[in-house]
Each structure stands twice: as structure tokens, then as C-alpha cells.
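S.K.: Here are the chains, one letter per residue:
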Amino acid sequence: MKKIILIYFVPLFIVFSCLFLFSSKINSIFFYSKVNLTIDSSFKYLENFRNTPFYEDQFLTNNDSSETIFILGSSELTGNLEAHPFNFISRYFKTKIKGIGHAGNQCFSIYSQLLANENLLKNAPIIIVLSPGWFSESANGTSSSIFLEFNSSRFLNKIFQNDSIPQFKKYEAKRISSLYNEFSNPDLSIRMFFLENQSSKNILSKFFYFPIIEISKVLNTFNLELTDTKNKKTYIIERKSIVAESVKINWDSIFNISKQEQLNNCTNNKWYIDNEYYSKYTNGKTKMIDIVKGKNNQELKDFKMLLSLLKTKEVNASFIILPLNPYCYINSDELTPLINSLQNDILKNDFSCMNFWNTDTAKYDKGILKDIMHLSNYGWYKVDEFIIKKYKLLK
Amino acid sequence: MKTTFISRFFLNCLWYLIIVLALYFLYSPLNDNPKNKVNSSVQFVYQQF
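The listed protein sequences derive, respectively, from chains A and B. First residue of the first sequence: 1, per the numbering used here; consecutive thereafter. First residue of the second sequence: 1, per the numbering used here; consecutive thereafter.
This is chain B alone, in the form it adopts within the complex (with noise of 0.2 Å):
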């Protein structure tokens, strides 16, 4: 019970890491690749209005 509770913490930890930096690396500013049609969240924020 014990070590799936540990498991579980370390793969969440991991899980969210992954996505976390994915995020990051698609949406952050510095971010200027002429391939990402996102660009940059202030972009990506604005683009929603």
C-alpha cells in the first residue's frame, strides 16, 4: 500500500514534469521558431480575444 502510495507520488511528479515542460516549451516567449504558430503566450493569451 505503502509503495504504491510512494509510486504513484514520484510517477505523478514525472507525469506533470513532462507536461509542464511541454507547455513551457511550446508557449514560452523565447519560444521564436518560425514553425510555432503559437509564437509566445502573451501571443497565444491575446490570439483568444
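Here chain A stands alone, though its shape is the one from the complex (with noise of 0.2 Å):
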């Protein structure tokens, strides 16, 4: 007896002892050193958060020296072009922008990261860029992949957690439950929130998952601390006021520069956009654009209960609506009652809004697009011009 102790339990115990002894180090070999990302504190844009925390707590916060303007949106932020609000307001203003998103970070995407971050949304100055393709092509909404890289289970952990915004917290339940099929192997926080949804069915759901739902949130918690992952950023962030400075900027001379820049990049259309794009993508070749309408519409569902997010914590918000080519999409009329109750959803909640909307070719202002949707130096100018004045950049 006292032989199997020595041979077979010691070393058992010696192992788990050494286990439990030099887990950091354990921790350090097998899995932190892929985590070698290199981390700029001063990033102006970030196509998602890298999974990474501290991008994370990064959100919605400003610096010590000025305020930080948020600017959220999809594909027309990618690109790095000159007249991007991170690159030309950063550059000349104590007031910083900053970019996140890329192509498919849509509605309920930019949703579920504000309600993660409510803590933080009081007058908080964001800029939210629409884009018809969301409520037409992409009417179904924000996709399984892209709401995953976008909302990590930090971030969802955050939403479970918090019991002050119920109504929001509901509808995030329903919207990842209509996504669940499509995730592989969810994790605890996404089966929380489809379980939780499945309760709030009726009254024998309620009584059925209970008990497995308060499982989860044991086992919940005891992940977060294994991994270490708890919100501590739970503080309201005093926001600065934006100081008006005096910049000279002559935005007619920039306004015809990049216009003039933008037609001469245009010479084997008469659609006004890149070259290459014309000659590699679209040729001539017109399109038609879907029409999702009303019921169907998830998007516009999603942006709808977005905006009531911002109302309601009383967001400095203000939004963008990006054009697309009249030249190109052929029914694109057909779309602008939708582009107008998009329009006057804002505005009836106080919001301001940029509209772009245009359907009509000889009212077309030419060089406002690179590409079939996506804003030139020159487009983006102009939106430069209107966040200044909106933000009172300038004194």
C-alpha cells in the first residue's frame, strides 16, 4: 500500500502542485506568446477592436488633454485616404477623431458595442456613417462573423451583467438568439443570452431554464475569473468639453482642389469614378438594387432601437446617410422614401444628420464618390466641414 502511495499518488500530487505553482509561467509558454500584437495608444482608426482589451477599454474614452469624437461605421472607413475625419481633423484640431469599423459593421453591430460601453455614453460625441447598402443588400442585418469580431464576450459579458437596461438588454437577447444557429460552438456569454431569450418566451420556458440559466451564470463567473476577463471599467468617464480653436481652413479652395483631383481621376467614365475601379469592377454594367420594405427590414428594426439607445442615454450623436452612384444603380429612387424615414427618424430624436441622398444624375455633385458607394477625399471633405461646424471645432 504504502509502495503504490509513493509511486503512483506523490507524483501525482507533485504534479498538480507544480501545476498549480508555476501556472503563470505555464500560462506565458502555451498561450501568451501568440498575443504579441503591437498596441498604439494613439491609434486614429481600427478596422475592430483585435480581440484585444485594451482597444477595448480604449472605446468611447477621451485623452487627458481634449475630447475624443467617435466615428463608427463600415467599409468607407477603410482605405486611409487624406480627408478621412481621423486623418485631417486629428491633424489640425486638439480634438481627436477616431475611426472604427470596416465593411459589414452594421446597425446592430455598432448597437450591441454602445450598450457594452453604456457607461460611457452620456454626451459622448459619436458619428455614426449609414450606408444604404445596409438596408437594401444587407437588410438582413449584421452578420453571425462580423457581430462576433466586433463584440467580444467581454463586451457581451458587460450587456449580461447589467441589469439597468433592460429593455436594451432584451432586444440584444433576441437579436443574438436569431443569430445562434449560425454560431459555431458559442461561448457561455452568447448561450446566456439565447437562453435567457428562450425564458422570456412564457411562463413554463421561464421555469425550465431557470436552473440551467443560473448554472450558466456560475459557471460564467467562474470564467471570468479564471481568465481574467471581469469588467473593471465600470466608472462614468467625465467628458471634456470640445474647445473651439482657431484653425484657417479655406474650404473652397479645399473643396475644388480635391474635386478637381477626384475628375481627373475619372477619365474612362462618365460615371465620375476610378478609373480602375470602372475598368476592374463595374465596366458599364449598371445594377439594381434590393428593395427590403418594412417587416423584412432587420436592419431598419436594428436601427431603430440603436437610436433609441442614443436618445435615451443621451448621446451627442450625429449621423452620416453616404450616397450611391445615380449612375450606377439604376432604381436607386426607389430606395428614397426609406433614406427619408431614415432622415427623419434623426432628426426627430434631435440628432443631426448629413444627407448625401441623391437619385437624380443631373443634380449629382461629380467626384463625391471614388467608387459606386464610397466617399472620395472630396466627399469626405465635406464631411470634414459639417463635424466641425456640428462639434464647434472652430471658434
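Keep in mind the hints are simulated off the structure, nothing from the lab. Check each hint, because a few of them may be wrong.
Below, simulated SDA-like cross-link-like pairs (lysine to any residue); rule was C-alpha separation at most 25 Å, straight line [to be verified]:
(1) A:Lys392 with A:Asp350
(2) A:Lys2 with B:Phe10
(3) A:Lys3 with B:Ile18
As the structure is a computational prediction, the values presented were derived from the model and not from experiment.
Could you use the hints to bring the two separately framed chains together as a complex?
M.R.: Spelled out as C-alpha cells, the structure:
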């Protein structure tokens, strides 16, 4: 018996003791070497949060000396144009602009990111760039992969643990449940939202799911403690007032030069879009835009909830509605009622809106787009002017 | 006899160490590699329900 204990149990005890004592060293060997991202603390633009708590913690915060305006959107923010607000305005003003998003970062993804940081929302200056494509070709709403890219389990846990926002939390649970089948191996935070939505269907479900939800909560707490991803930042940060500065900007000259530059790039087509894009992707082929009406337009429902969240949390928000190239999309006027309803909803909630929407080729501001749906430098300078006026950056 | 005993002891230590480290690597919550189907120990427990 003594021999068995010495040969079998003592080694086991030694191994477990070593694992316990040297767990941090073992973790650093097994897991942390790959997390060797270079962190840019003064970033201007992020495609996503790169699953890095550092960038997630920077979201909606300001720095020591100035306020930071966040611009959220999708593919139009990529490409690093000179006139992107996070390049142009950040260069000349103390108030900095930070951009977050890439293709697919639509209303529900943005809604969820903001909801996870609801303690930072009051008076936060946020600009949301709405792309008409979200409400037509992508009217099914944010895809599951994009949702996960922008909303880590850390963000989702922050929402789940927050009981001060029941109506918004309920919508989050409902939408996550609608995407649930698309997630492969969903983590606990997603499962909990799914179960919460299932349990809210009727009293019987509530009774049935109650123990499972409670066990999940315990396991999740255990998980958070193990992975040390507990939300440490629950304070409300003090928003800084935006200080107006004396910067000389000759808008007429900027508009003229940038418009001319764009038109110089459009010599092989009469759609006023970049030569390379035209010959590579369109070559004169016109398109029909999908019209998805009312009830079936999930993106529209997500947009209304996003507006409601912004209104409830008193966000200093504004919106940019992008145009589509009317030469390419020949039925774009069919989308006008929906775009008008977006604008009306925005204005009804006392938010500012810059609407680029135009379907008339005669009235089209030539050179505003560099391709069939993305703003050129000229278009972005127009946005810069809007932001500077709206947030009173100039004296 | 004594040599066999000591060698068995160390051999067991080594085996257990390998097994424990392998299991820890697979089931640790820190293993968030998308190819890791188990994903985390807590999820592994949860998935058994």
C-alpha cells in the first residue's frame, strides 16, 4: 500500500502542485506568446478591436488633454484617405477623431458595442456613417461573424451583467438568438443570451430554463475569474467640453482642389468614379438595388433600436447618410422613401444628419464618390466640414 | 529493487506531467484558438449538460 502511494499518488501530487505553483509560467509558454500585438495607444483608426482588451478599453474614452469623437461605420472608413476625419481633423485640432469599423459593421454590431459601454455614453460625441447598402443588399442585418469580430465575450458579459438597461438587453438577447444557429461552438456569454431569450417566451419556458441559466451564470463567473477578463472599468468618465480653436481652413479651395483631383482620376468613364475601379468592377454594367420593405428589413429594426439607445443615453450623436452612384444604380430612387424615413427618424430624435442621398444624375455632385458607393477625398472633406461645424471645433 | 522503485517514481512523475500539461493545454479557458473545439474548461463542463 505504502509503495503504491509513493509510486502513484506522490508523483500525482507533485505534478498538480507544480501546475498550481507555476501556472502563470505555463500560461505564458502555452498561450501568451501569440498575443504579441504591437499596441498603438494613439491609434486613429481600427478595423476592429482585434480582440484586445486595451483597444476595447479605449472605446468611447477621451485622452488627458482633449475630447475624442468616435466615428463608427463600415467599409467607407477603410482605405486611409487623407480626408478621412480621423486623419484630417486629428491633424489640425486638439479634439481628436477615432474611427472604428470595416465592411459589415452595421447597426446591430454598433448597437451592441455601444450597449456594452453604456456607462460611457452620456454626452459622448459619436458619428455614425449609414450606408444605404445596409438597408437593401444587407437588410438581413449584421452577420454573425462580423458581430463576433466587434463584440467579444468581454463586451457581451458587460451587457449581460448590467441590469439597468432591461429593454435594450432584451433586444440584444432576441437578436443574438436569431443569429444563434450560425455560431459554431458559441461561448457562455452567447449561450446565456440565447437561454434568456428562450426563457422569456412563456412562464413554462421560464420555469424550465431557470436552473440552466443559473448554472450558466455560476460557470460564467468562474470563467471570468479564471481568464481575468472581469470588467474593471465600470466608472462613468467625465466628458471634456470640446474647445473651439482658431484654425484657418479655406473650404472653397479644399473642395475645388479635391474635386478636380477626383475628376482627373475618372477619364475612362462618365460615372465620375476611379478609372481602375470602373474597368475592374463595373465596366459600364448598371445595377439594380434590392428593396426590402418594412417588416422584413431587419437592419431598419436594428437602426430604430440604435436610435432609441442613443436617445435614452443622451449621446451627442450625429449621422452621415452616404449616397449611391446614380449612374450605376438605375433604380436608386426606389430607396428614397426609406432613406427619407431614416433621416426623419434621426431628426425626430434631435440628432444631426448630413444626407448625401441623391438619385438625380443632373443634380449629382460629380466626384463625391470614388467608386459606386464610397466617398472620395472630396466627399470626406464635406463630412469634415459638417463635423467641424456640428461639434463647434472652430472659433 | 531500489533503483527500479526510484525509476518508476520518476517515470510516473514524467508521464503525469505530460498528461496533465496536455489536458491543461487543451481545456484551459485561455486556449481560445478557433480550431480548439473544446474552447475552455468551463465550456467543456457546460457542454456536458
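S.K.: Each of the hints needs a verdict: does it hold here or not?
M.R.: To see whether the hints hold, each was checked on the structure:
no.: 1; hint: A:Lys392 with A:Asp350; result: holds, 17 Å
no.: 2; hint: A:Lys2 with B:Phe10; result: holds, 16 Å
no.: 3; hint: A:Lys3 with B:Ile18; result: holds, 22 Å
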